Amino acid sequence: GAVVSQHPSRVICKSGTSVKIECRSLDFQATTMFWYRQFPKKSLMLMATSNEGSKATYEQGVEKDKFLINHASLTLSTLTVTSAHPEDSSFYICSAGRGSYNEQFFGPGTRLTVL
Amino acid sequence: GQQLNQSPQSMFIQEGEDVSMNCTSSSIFNTWLWYKQDPGEGPVLLIALYKAGELTSNGRLTAQFGITRKDSFLNISASIPSDVGIYFCAGPVAGANNLFFGTGTRLTVIP
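Those protein sequences? They're chains A and B, same order as listed. Residue numbering for the first sequence is 415 to 529, as defined by our numbering. Residue numbering for the second sequence is 526 to 636, as defined by our numbering.
Please keep in mind that the hints were generated in silico from the structure rather than gathered at the bench. Misleading hints may appear alongside valid ones.
What the hints assert, rightly or not - Simulated crosslink set (DSSO-like; lysine-lysine; CA at most 30 Å straight-line):
1) B:Lys595 <-> A:Lys456
2) A:Lys434 <-> A:Lys469
3) A:Lys480 <-> A:Lys469
4) B:Lys576 <-> A:Lys456
5) A:Lys455 <-> B:Lys595
To be verified - Per the computed footprint, the stretches of chain B lying under chain A, defined by three or more beta-carbons under 8 Å from a beta-carbon of chain A, are:
6) 562 to 568
7) 582 to 594
Computed from a predicted structure; not experimentally measured. Glycine is no exception: its CB is placed at the ideal position from the N, C-alpha and C atoms.
Please put together the full structure from these sequences, using the hints given.
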């Protein structure tokens, strides 16, 4: 159990376009979902935390107007990278929480390449 | 701010060898988590530690919660090729429900 999916797994887009990434908890209801960004050979950096039905909490330095997060239900959160630029190219990983911080289950990630 | 430094940054070992890596923190943690990330995938939880001095095993993996609560160690015995990946330590951010990840140790196992 505790499977989290992400879609798409890879996306290539042109500079200036917006990209939406979906994160779904397939077999449990997630009280909280987290969005991370990972640069090559680097660690995971938390971007934002979202709770179903409320606004996301963004980490310092993360532009909320740039990275729009919607947590419409207990099984779905979306991250939209608006007006993407090449520097937004990265590996984006979501996780779904089922209780405390250590019950986080990670999705397989989405590799975004902005040309 | 919080820092979790992992050592070594990378390791190249022969199949069958034992592996040791550690994680040190600039502040006290009450929980230590060890994750493995395969290339192009999300992290998977390997071991969770909740008490200072605790030693916990999961198959060929053994992790220890340092007595000072500022460090943790992960050992892998008799490494196999599928052990390849990046190992991250992580701990809960004080007062929040999210995790802070370490810098990672990249393991390569040579068959």
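A quick look at each hint next to the structure:
Pair hint Lys595 of chain B plus Lys456 of chain A holds up; C-alpha atoms about 22 Å apart against a cutoff of 30 Å. For the suggested pair Lys434 of chain A and Lys469 of chain A, the alpha carbons sit about 17 Å apart, so the restraint of at most 30 Å is met. Distance hint between Lys480 of chain A and Lys469 of chain A is fulfilled; the C-alpha atoms sit about 15 Å from each other, no more than 30 Å. For the hint linking Lys576 of chain B to Lys456 of chain A, the alpha-carbon distance of about 28 Å falls within 30 Å, and the restraint holds.
A hinted pair counts as satisfied when its Cα atoms are at most 30 Å apart, and Lys455 of chain A with Lys595 of chain B qualifies at roughly 24 Å. Residues of the stretch 562 to 568 of chain B with a Cβ under 8 Å from some Cβ of chain A number 4, which satisfies the need for three, so the listed coverage holds. Chain A is given as covering the stretch 582 to 594 of chain B, and this is violated because 0 residues of the stretch bring a CB closer than 8 Å to a CB of that chain, at least three being needed.
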